[in-house]
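Turn these sequences into a full structure, and let the hints steer you where they fit.
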Amino acid sequence: MIEGAYRGDHARMGWTHEADLVGGERIEPEELVTLFADPNVAIFVARQGADIVGCVTVTDNGALAYLGLLCVDPPFQSAGLGSRLLTTAETLCGHLGSQAIEMTVIENRTELIAWYERAGYVRTGERRPFPVAQPVPLHFVVLEKRLASA
1 MIEGAYRGDH ARMGWTHEAD LVGGERIEPE ELVTLFADPN VAIFVARQGA DIVGCVTVTD
61 NGALAYLGLL CVDPPFQSAG LGSRLLTTAE TLCGHLGSQA IEMTVIENRT ELIAWYERAG
121 YVRTGERRPF PVAQPVPLHF VVLEKRLASA
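Here this note's numbering is used: the first residue of the sequence shown is 1, the next is one more, and so on.
Please keep in mind that the hints were generated in silico from the structure rather than gathered at the bench.
Per label pair, the in silico range of CB-to-CB distance:
hint : residue 1 : residue 2 : range
1    : GLY62     : LEU21     : 29 to 37 angstroms
2    : PRO135    : HIS95     : 36 to 44 angstroms
3    : LEU64     : LEU21     : 20 to 28 angstroms
4    : ALA50     : ALA148    : 33 to 41 angstroms
5    : ILE43     : VAL132    : 18 to 26 angstroms
6    : ASP51     : TRP15     : 13 to 21 angstroms
Using N, Cα and C, we set each Cβ at its ideal position, and we do this for glycine too.
Structure below.
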C-alpha cells in the first residue's frame with residue numbers, strides 16, 4: 001500500500017504523489033521491519049475490510065516527535081482519511097508529552113506542503129538533502145507544528 005500511494009502508476013491515480021519525482025521503492029522491506037520493531041515508533045493503519053488503505057508513523061523523540069509515512073491508497077484519497085490519520089498521530093504526540101511535531105516533505109510537492117500548511121504546519125526554513133541520488137537533485141523542507149498543550 002505504501003509503494004502504491006507514493007510511487008508508480010497506481011500512485012498517479014491520487015491527488016498527490018511523488019511518482020514523477022522519485023524512482024525506486026519508497027521504503028525497503030527491511031526498513032519497515034525496523035520501524036515495527038522500534039519501541040519508540042507507533043504505526044497507525046486505516047483498513048477497508050481486511051485491506052490496509054492508509055497509514056502514518058509517529059516516532060517519539062521526546063519534545064519533538066517525528067511524523068512519517070502518512071499515506072492513503074489513491075482510490076481512498078479525498079475522503080478525509082488522511083486528515084483522520086493526521087489527527088490520530090497528533091493526538092498521540094500530545095499524549096506522549098511532545099511539544100511539537102516535525103516532518104519532512106520533498107520541496108517539489110507543493111500541493112502536499114499546502115495541505116499540511118492548512119492543517120497548521122509551518123515551514124521551519126530548514127532544507128535537508130534527499131537521501132538517495134536522483135537525476136534531478138531533491139531536497140526536503142522541514143515542517144513543524146506546535147501542539148496546543150505545549
